[in-house]
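Q: Here's the letter readout for the chains.
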Amino acid sequence: MTKILVVDDDPAILEVIQLILEDNNYDVETARSGRIFDDLKRMPDLILLDILLSGEDGREIVKRLRRNDKTKKVPIVMISAHPSAGDTFHKIGANGFVSKPFDIDDLLNTVKDNLVTN
Amino acid sequence: MKSQSVNGERYKSIVQLAPGIVYTLSKDGAITFLNPSFERITGWKVKDWIGKNFATLIHPDDLELAAQTVKQTLKGERPETFELRIKTKKGTYKTLEFSSGPDIINGEIVGKIGVARDITEFKSERNTNLHYANLIKSADSAIMSRSLGGTITSWNKAAEELFGYSAKEVIGKNFKLLIPVENSGEIEKIDKFIRRGRPLSDYETVRVKKDGTRIPVLAKISPIYDEEGKIVGVSLFDRDNTVMKKEEMADKFLTRATKVLSSSLDYSYTLRRLATILVPKLADWSSVHIVSDEGTPVQLAVAHTDPKKVEWAKKLQKKYGEHRNIDDPNNGVTRVVRTGKSVLYREVTDEMINQAVQKKEDRELIKKLKLRSVVMVPLLSRAGVLGVITLVSTDPARLYDERDLKFAEELGRLAGQAIENARLYLEAQNEIKKRAKIQEELSDSRERLSVILANVADGISVYDEHANVVFVNHAVATASAYKDPGSMLKRPVKWQETFEVMDESGKTLSVKDLPGRRAVFERREIDETVKSINKKTGEEKWANIKARPIIDAEGNFRGAVSITHDITEIKELERKKDDFMSVASHELKTPVTSIKGYVHLLKMYHEKYENNSSYNFLSKIDHQLNKLTELIEDLLNLSRSKSGKLDYNMSEIEISKLVKEVVDDMQVVNSTHKIKLINGVKKKVVADPERISQVIINLLSNAIKYSPNSNKVVVGIKDAGNKLDIFVRDYGIGLDREERDKIFDRFYRVKDQTGRTYPGLGIGLYLSAQIAARHNGKIWVESKKGRGSLFHFELPAIN
Numbered sequence: 000m001t002k003i004l005v006v007d008d009d010p011a012i013l014e015v016i017q018l019i020l021e022d023n024n025y026d027v028e029t030a031r032s033g034r035i036f037d038d039l040k041r042m043p044d045l046i047l048l049d050i051l052l053s054g055e056d057g058r059e060i061v062k063r064l065r066r067n068d069k070t071k072k073v074p075i076v077m078i079s080a081h082p083s084a085g086d087t088f089h090k091i092g093a094n095g096f097v098s099k100p101f102d103i104d105d106l107l108n109t110v111k112d113n114l115v116t117n
Numbered sequence: 000m001k002s003q004s005v006n007g008e009r010y011k012s013i014v015q016l017a018p019g020i021v022y023t024l025s026k027d028g029a030i031t032f033l034n035p036s037f038e039r040i041t042g043w044k045v046k047d048w049i050g051k052n053f054a055t056l057i058h059p060d061d062l063e064l065a066a067q068t069v070k071q072t073l074k075g076e077r078p079e080t081f082e083l084r085i086k087t088k089k090g091t092y093k094t095l096e097f098s099s100g101p102d103i104i105n106g107e108i109v110g111k112i113g114v115a116r117d118i119t120e121f122k123s124e125r126n127t128n129l130h131y132a133n134l135i136k137s138a139d140s141a142i143m144s145r146s147l148g149g150t151i152t153s154w155n156k157a158a159e160e161l162f163g164y165s166a167k168e169v170i171g172k173n174f175k176l177l178i179p180v181e182n183s184g185e186i187e188k189i190d191k192f193i194r195r196g197r198p199l200s201d202y203e204t205v206r207v208k209k210d211g212t213r214i215p216v217l218a219k220i221s222p223i224y225d226e227e228g229k230i231v232g233v234s235l236f237d238r239d240n241t242v243m244k245k246e247e248m249a250d251k252f253l254t255r256a257t258k259v260l261s262s263s264l265d266y267s268y269t270l271r272r273l274a275t276i277l278v279p280k281l282a283d284w285s286s287v288h289i290v291s292d293e294g295t296p297v298q299l300a301v302a303h304t305d306p307k308k309v310e311w312a313k314k315l316q317k318k319y320g321e322h323r324n325i326d327d328p329n330n331g332v333t334r335v336v337r338t339g340k341s342v343l344y345r346e347v348t349d350e351m352i353n354q355a356v357q358k359k360e361d362r363e364l365i366k367k368l369k370l371r372s373v374v375m376v377p378l379l380s381r382a383g384v385l386g387v388i389t390l391v392s393t394d395p396a397r398l399y400d401e402r403d404l405k406f407a408e409e410l411g412r413l414a415g416q417a418i419e420n421a422r423l424y425l426e427a428q429n430e431i432k433k434r435a436k437i438q439e440e441l442s443d444s445r446e447r448l449s450v451i452l453a454n455v456a457d458g459i460s461v462y463d464e465h466a467n468v469v470f471v472n473h474a475v476a477t478a479s480a481y482k483d484p485g486s487m488l489k490r491p492v493k494w495q496e497t498f499e500v501m502d503e504s505g506k507t508l509s510v511k512d513l514p515g516r517r518a519v520f521e522r523r524e525i526d527e528t529v530k531s532i533n534k535k536t537g538e539e540k541w542a543n544i545k546a547r548p549i550i551d552a553e554g555n556f557r558g559a560v561s562i563t564h565d566i567t568e569i570k571e572l573e574r575k576k577d578d579f580m581s582v583a584s585h586e587l588k589t590p591v592t593s594i595k596g597y598v599h600l601l602k603m604y605h606e607k608y609e610n611n612s613s614y615n616f617l618s619k620i621d622h623q624l625n626k627l628t629e630l631i632e633d634l635l636n637l638s639r640s641k642s643g644k645l646d647y648n649m650s651e652i653e654i655s656k657l658v659k660e661v662v663d664d665m666q667v668v669n670s671t672h673k674i675k676l677i678n679g680v681k682k683k684v685v686a687d688p689e690r691i692s693q694v695i696i697n698l699l700s701n702a703i704k705y706s707p708n709s710n711k712v713v714v715g716i717k718d719a720g721n722k723l724d725i726f727v728r729d730y731g732i733g734l735d736r737e738e739r740d741k742i743f744d745r746f747y748r749v750k751d752q753t754g755r756t757y758p759g760l761g762i763g764l765y766l767s768a769q770i771a772a773r774h775n776g777k778i779w780v781e782s783k784k785g786r787g788s789l790f791h792f793e794l795p796a797i798n
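Protein chains in written order, with numbering that gives the first Met the number 0: chain A, 0 to 117; chain B, 0 to 798.
FYI, nobody ran anything at the bench for these hints, they're computed from the structure.
Just so you know, these numbers come straight off a predicted model, no measurement behind them.
Heads up, a few of these hints could be off.
Mimicking DSS-like on lysine-lysine, the simulated pairs with C-alpha atoms at most 30 angstroms apart in a straight line are [to be verified]:
1. LYS90/A - LYS93/B
2. LYS777/B - LYS659/B
3. LYS307/B - LYS90/A
4. LYS111/A - LYS656/B
5. LYS90/A - LYS656/B
6. LYS405/B - LYS208/B
7. LYS659/B - LYS111/A
8. LYS11/B - LYS93/B
9. LYS602/B - LYS570/B
10. LYS619/B - LYS111/A
11. LYS682/B - LYS656/B
12. LYS784/B - LYS722/B
13. LYS656/B - LYS675/B
14. LYS90/A - LYS675/B
15. LYS90/A - LYS545/B
16. LYS575/B - LYS62/A
17. LYS576/B - LYS607/B
18. LYS682/B - LYS626/B
19. LYS607/B - LYS111/A
20. LYS602/B - LYS506/B
21. LYS626/B - LYS111/A
22. LYS2/A - LYS607/B
23. LYS2/A - LYS602/B
24. LYS111/A - LYS208/B
25. LYS307/B - LYS369/B
26. LYS493/B - LYS545/B
27. LYS172/B - LYS122/B
28. LYS405/B - LYS482/B
29. LYS607/B - LYS619/B
Sequences are here, hints too, so could you generate the full structure?
A: The following block contains the structure:
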């Protein structure tokens with residue numbers, strides 16, 4: 000089963016995304032911060048990452064993930080309320096972008112697209 | 000004896016030798032004989048006159064006398080000697096003394112016989128003496144003589160009149176009786192001069208008259224010599240000097256008065272002085288009135304020989320000099336003021352006082368003051384009557400006359416002139432002072448102004464017409480990293496080493512791009528917000544610069560003034576606000592995101608269980624959530640656009656394609672209006688498709704929103720050469736002029752007829768205009784209230 004890691008500091012959003020993804024037959028793991036990556040046993044097939052986490056910058060997490068051999072090839076889809084993030088996600092090494100608030104279809108399509116590409 | 004002593008021959012000889020003329024006339028007056036003396040005395044030849052009528056030789060005025068003597072002679076009488084003037088050959092007349100008698104021959108009177116001697120010289124001498132005697136007798140001047148020592152020896156008529164003594168009374172008496180006590184040594188003093196043979200001319204002195212009064216005289220005093228040249232006496236020639244003395248005094252007084260009058264510019268002081276110098280020489284009591292601003296005379300000064308009487312005089316003047324019935328002829332001062340004519344009361348009689356003054360106590364007062372003679376003259380200037388001078392005499396011997404009046408009038412004229420001059424001078428002085436004060440105030444205010452300008456918090460720079468900096472204040476200097484304005488003026492562009500200045504969009508500005516210089520070059524008002532970055536410290540500052548051309552009073556262009564207002568703090572606040580809005584909208588989005596997610600999940604479940612009504616409601620919730628998201632999006636965009644954080648991804652795009660996509664999308668969600676697209680332009684533009692779409696979406700949604708009673712909107716693209724015009728036409732409520740001007744402002748929202756606003760934040764067109772500007776394009780509108788609107792969105796095209 001395709002495993003997706005969702006990182007967002009908002010528990011409600013985490014829950015909604017988890018429900019939607021699970022409903023679409025994804026294996027979902029959630030995290031409230033970027034520190035989780037150090038403890039991961041199995042690498043996810045895709046990471047959904049909120050850019051603005053409390054105390055952390057999602058962009059820094061992306062850079063870190065890209066430097067790590069284990070994670071550098073995992074597709075990352077950024078989620079952000081900042082529309083401008085949609086213009087810059089490529090530069091920082093992310094693969095896709097979903098703006099908040101999102102349509103479920105948008106979210107699922109973006110996830111699907113990025114999994115297929117890889 | 001007779002025949003013996005006188006025979007014919009001897010007679011003949013005597014006649015021939017006689018020094019006088021011997022002649023005989025016939026009865027009818029013809030000359031029958033003349034002796035040779037005739038020729039010597041008259042110059043005529045004897046032979047030329049024998050047989051001629053004697054009368055032709057006689058002066059016409061003497062003919063009558065001659066005829067009379069002839070008549071007498073012919074009657075046989077012998078008239079007394081008589082004088083006739085005889086014409087000489089030179090044409091002159093000689094006076095001859097005649098003795099004549101009848102020429103009797105044989106007892107019969109045959110004619111006249113006579114002798115005449117030349118008395119011309121004697122005659123003239125005698126005439127002179129007579130003349131002198133007459134002169135002395137009838138002279139206006141007193142002519143007297145006295146011995147050395149004083150005994151009076153002669154005394155003419157004029158002396159009698161002048162001094163009151165007759166000649167009889169004084170001849171033989173000592174001249175001392177004419178000398179006042181205080182001059183008792185005068186005779187001895189004068190005799191000293193006379194003894195030395197020195198005459199005294201124009202000797203001014205005083206004589207005592209018989210009545211005891213004194214009279215000033217001007218005397219000519221000369222020595223009298225006897226035949227041997229010895230000084231035996233003194234002749235005195237006195238003229239009454241009263242008038243001269245008066246005139247001279249008047250002259251002297253006027254000179255003094257002029258001095259006094261011109262000595263001070265304070266004319267009330269001057270006039271008070273005038274009053275005092277009039278006393279006692281010209282008056283026993285004088286007063287000066289001036290005409291007040293209300294036109295009434297006010298007593299300025301009173302002077303009296305007796306200081307004690309000044310108060311009385313004042314009292315009296317107050318009562319009778321002022322504020323009295325103008326028609327009262329006795330109201331002197333007021334009358335003079337009114338008429339400008341002088342008044343002379345030569346002799347004030349008790350009767351006059353009684354008539355003029357009703358109250359007994361007042362009469363007593365006047366009588367105490369011993370008013371005898373009064374002169375009142377106006378103080379005249381070109382402006383009219385300035386006041387009145389009153390001269391009062393209490394001396395019965397000093398009664399004012401026409402001469403005094405004339406003098407007083409002259410004085411009044413002089414005083415008036417002096418006042419006028421003083422006033423003109425004071426006016427001039429005041430004017431000068433006023434100007435000096437204005438000047439002082441001007442320089443004061445100029446100084447103050449420059450202090451204010453120098454210290455005002457806003458930066459002020461002044462440029463001349465060539466855009467050279469001619470003034471900067473402290474704020475400009477210190478903000479530009481100069482020590483003071485002076486050093487900035489020395490090196491006006493040195494600041495560029497330290498600062499980078501850019502406009503709001505981040506474009507670096509060179510020196511000539513600064514608003515102040517642009518105002519000079521473009522000769523118009525330039526308002527700009529600029530940012531300056533200190534290259535060394537990285538400090539960022541924002542400023543609003545307002546530059547205005549300077550036009551002088553004649554309309555000439557003189558440069559520009561620019562005022563720099565530091566808005567760094569405002570900018571900082573704005574940034575904080577935008578940050579807040581950014582955070583806020585972001586925070587708003589988070590719950591919206593999760594709500595949306597839950598709604599979607601619910602929709603999915605309801606789809607599964609085919610609960611359609613719930614599904615419908617959820618769709619509505621979703622729709623509202625979309626709207627909420629849009630609003631939040633707008634807010635966020637606004638704050639980002641304001642803070643310059645809005646990123647643009649420019650690319651070459653085919654605008655017709657973009658417009659079609661937008662129109663298609665819009666048509667899907669808007670069923671109320673048919674969006675008609677007029678297309679066909681293939682030109683491309685360089686733009687951010689996202690932003691351009693945003694603008695078109697905004698224009699279309701406005702067109703739909705503001706035309707609730709219409710069902711059509713038209714969108715089109717027009718080729719305008721190097722530009723493309725994307726237009727959106729609606730048939731809605733339209734805009735009036737005021738609205739047209741404001742719709743591109745932030746937060747402006749159009750109201751309908753009932754004053755209600757339409758939903759939205761009022762930032763769509765503002766953002767659209769910003770986007771247009773960033774693409775070097777523009778947005779504008781043509782519209783009329785109630786007639787729909789036509790929006791144009793113009794972008795530069797790639798040809």
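Q: Look at each hint and say if it fits the structure.
A: Hints, one by one, checked against the model:
As the CA atoms of LYS90/A and LYS93/B are separated by approximately 161 angstroms, the hinted pair breaks the 30 angstroms bound. Taking the CA atoms of LYS777/B and LYS659/B, the gap is about 21 angstroms. The hint holds against a cut of 30 angstroms. Between LYS307/B and LYS90/A the CA atoms are separated by roughly 119 angstroms; this puts the pair beyond 30 angstroms, and the hint is violated. For the hint linking LYS111/A to LYS656/B, the alpha-carbon distance of about 28 angstroms falls within 30 angstroms, and the restraint holds.
For the given pair, LYS90/A sits about 28 angstroms from LYS656/B by alpha-carbon distance, which is consistent with the 30 angstroms threshold. At roughly 28 angstroms between alpha-carbon atoms, LYS405/B and LYS208/B fall within 30 angstroms of each other, so this suggested pair holds. At roughly 29 angstroms between alpha-carbon atoms, LYS659/B and LYS111/A fall within 30 angstroms of each other, so this suggested pair holds. About 26 angstroms separates the Cα atoms of LYS11/B and LYS93/B, which keeps this hinted pair within 30 angstroms; it holds.
With a C-alpha separation of about 46 angstroms, the suggested pair LYS602/B and LYS570/B falls outside the 30 angstroms cut-off, and the hint is violated. Restraint check for LYS619/B and LYS111/A: satisfied, since their Cα atoms lie roughly 28 angstroms apart, inside the 30 angstroms limit. With a C-alpha separation of about 10 angstroms, the suggested pairing of LYS682/B with LYS656/B holds against the 30 angstroms cut-off. The suggested pairing of LYS784/B with LYS722/B holds, with an alpha-carbon distance near 28 angstroms, which does not exceed 30 angstroms.
A hinted pair counts as satisfied when its Cα atoms are at most 30 angstroms apart, and LYS656/B with LYS675/B qualifies at roughly 15 angstroms. Restraint check for LYS90/A and LYS675/B: not satisfied, since their Cα atoms lie roughly 40 angstroms apart, outside the 30 angstroms limit. At most 30 angstroms may separate the alpha-carbon atoms for a hinted pair to count; LYS90/A and LYS545/B exceed this at roughly 41 angstroms. Between LYS575/B and LYS62/A the CA atoms are separated by roughly 29 angstroms; this keeps the pair inside 30 angstroms, and the hint holds.
For the hint pairing LYS576/B with LYS607/B, the CA-to-CA distance comes to about 46 angstroms; that exceeds 30 angstroms, so the pair is violated. Restraint check for LYS682/B and LYS626/B: not satisfied, since their Cα atoms lie roughly 34 angstroms apart, outside the 30 angstroms limit. With a CA separation close to 22 angstroms, the supplied pair LYS607/B and LYS111/A stays within the 30 angstroms bound. A threshold of 30 angstroms between alpha carbons decides the hint, and for LYS602/B with LYS506/B the separation of about 51 angstroms lies outside it, so the pair is violated.
Annotation: proposed proximity of LYS626/B to LYS111/A holds, straight-line Cα distance about 27 angstroms (limit 30 angstroms). Only pairs whose Cα atoms come within 30 angstroms are accepted, and LYS2/A paired with LYS607/B is accepted, the gap being roughly 25 angstroms. Of the pairs offered as hints, the one joining LYS2/A and LYS602/B holds, with about 25 angstroms between alpha carbons and a cut-off of 30 angstroms not exceeded. A threshold of 30 angstroms between alpha carbons decides the hint, and for LYS111/A with LYS208/B the separation of about 158 angstroms lies outside it, so the pair is violated.
Note on LYS307/B and LYS369/B: the hinted pairing holds, with a Cα-Cα distance of about 14 angstroms set against a maximum of 30 angstroms. Our distance criterion of 30 angstroms between C-alpha atoms is met by LYS493/B and LYS545/B, whose separation comes to about 22 angstroms. Only pairs whose Cα atoms come within 30 angstroms are accepted, and LYS172/B paired with LYS122/B is rejected, the gap being roughly 36 angstroms. For the hint pairing LYS405/B with LYS482/B, the CA-to-CA distance comes to about 80 angstroms; that exceeds 30 angstroms, so the pair is violated.
At roughly 18 angstroms between alpha-carbon atoms, LYS607/B and LYS619/B fall within 30 angstroms of each other, so this suggested pair holds.
Checked against the numbered hints given earlier, the structure breaks hints 1, 3, 9, 14, 15, 17, 18, 20, 24, 27, 28 and satisfies all the rest.
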